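Place chain B on chain A using the hints.
Protein chains in written order, with my numbering: chain A, 1 to 135; chain B, 1 to 290.
Among these hints, one or two may not hold up.
[Stated by the list, open to error] With a straight-line Cα cutoff of 30 Å, these simulated DSSO-like cross-link-like pairs (lysine-lysine) come out:
no.	chain 1	residue 1	chain 2	residue 2
1	B	K75	A	K7
2	B	K159	A	K108
3	A	K7	A	K108
4	B	K75	B	K146
5	B	K146	B	K264
6	A	K108	B	K170
7	A	K7	B	K170
8	B	K146	A	K108
9	B	K146	A	K7
10	B	K267	B	K146
11	B	K159	B	K75
12	A	K7	B	K159
13	B	K264	B	K159
14	B	K146	B	K170
[Claimed, not checked] Some residues of chain A that are not near chain B, with every Cβ distance over 12 Å (derived):
no.	residue
15	E68
16	N69
17	S70
18	L71
19	G72
20	T73
21	A76
22	V106
23	K108
[Said to hold, decoys possible] Distance ranges between label pairs, derived from CB positions:
no.	chain 1	residue 1	chain 2	residue 2	range
24	A	L98	B	F282	20 to 30 Å
25	B	P140	A	L35	56 to 66 Å
26	A	L98	B	F5	42 to 52 Å
27	B	S152	A	G32	25 to 35 Å
28	B	V270	A	G37	44 to 54 Å
29	A	T121	B	P140	27 to 37 Å
30	A	L98	B	F271	37 to 47 Å
31	B	L171	A	L71	34 to 44 Å
32	A	T10	B	S163	37 to 47 Å
33	B	A263	A	D46	44 to 54 Å
Derived by calculation from the structure, the hints in this document are not laboratory data.
Model, not experiment: these values are computed from the prediction.
All C-beta atoms in this analysis are idealised placements derived from N, C-alpha and C, irrespective of residue type, glycine included.
One letter stands for each residue in the lines below.
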Amino acid sequence: MTITLEKLETFLGNFLRYGVLSCALVIAVGVGMSLSGLGHGPSRGDQLAALLSGKTTTPQPPLACFAENSLGTCLAEPDSVIAVGILMLIALPILRVLLTLLVFIVQKDRPYIVISGIVLTVLLFGLFFGAGVHG
Amino acid sequence: MGNEFFIAHPAAFEAVVLLISLVAGVMGAVLGLGGGVIVVPALALGFGVDIRYAVGAGIVSAIATSSGAAATYVKDHITNIRVAMLLEVGTSIGALTGALLAAYVSSQFLFLLFSALLLYSAVTMLRGNRQDSGALARPPDPLADKLRLHGSYPDAFLKREVSYRVGHVKLGTSLMFGAGLLSALLGIGSGSLKVPAMDRAMGLPIKVSSATSNFMIGVTAAASAGTYFMGGFIVPWLAAPVALGVIAGSWIGTRIMVRLPSAKLRKIFVFVLIGIALQMAFKALGVKVG
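One chain only, chain A, in its complex shape (with noise of 0.2 Å):
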């Protein structure tokens, strides 16, 4: 099977076409859940006034809900809705490594295997580890 560089940079691009509106919608979804006053919790008005003072306050971990309560009990949350865009949003690029590892692997082209090989374990790494330091 042989795929060319042109059907690679179609396909690439469709797929990041496509993610990046899919993560847009998510994110949009719930922006309108929260302007429309669905959800609980502290006032946007105090959260943004803790933020705009400058002051450090305690970083909220995105997605807390998610460890604690039910799934649809978190999706009736704006910010849990948002986070999962969010995240939706990072996984993109990673992904995005992945689908061309695959690529270059059936292409049997080596030095490209091991290239796109080392950066998609640094970033799983750096997801894995950075969940490790914080979570």
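Structure of chain B alone, referenced to chain A:
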């Protein structure tokens, strides 16, 4: 600025952040930046947001600009995917190192580092004030031949296919380690370092450098994003208008970039960098701005 007004009207704050991010997305897509160089100072200087939270928003901006703009540039065959994959080895290792160091450095140091970085990038871009450095001769690099890095791209301004040869592969990759390191510390895709490195050191045409930088910054930012996200420095309701604004802006920016003459592109880049660098330096030295 009227922070009291925004605290009373949080939706107005989100709207302003959305607009700033839209501009950042356009600039980012056109210049090969992550938009962080606009979003981070706007939040930290304009609104007084703690720089670590501003950096968290900057990382989101970088990933959004990158994925949004890269989708178009890759399809238009401007991005050099092989160069990008190779250089990502340097940036991702650098970024991981930076993310681990981030907890140990002060905000003031970050501001100074940010402005030094921007001034440096501006100076390198000014020094090479030629039409297109891609036309400059580079000593032949056997590694570039072996890895098939050379390429060509369709230039919509010149209305023809422009081919180029890549040089200084090892130097370029080493510079990318530094770019990745700073990127993780400063919440930028560090396109402001990547573009000059590809343009100056490796001899890629400015449009290919911008597009390839755009492609790469998402990966650079993703390498440190996990740490910031899990640490709670990415605030969802702050990141949301940033992501949405930047995605829309980057789409507009890609439509503009291909049609611009290269010399003009380089000039815009330099002015943007100098302006932001001065602001950040003032901030670090405690001078009131805005």
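Which constraints among the numbered hints does this structure fail? Numbers only, ascending. 2, 5, 10, 24, 27, 31 and 32
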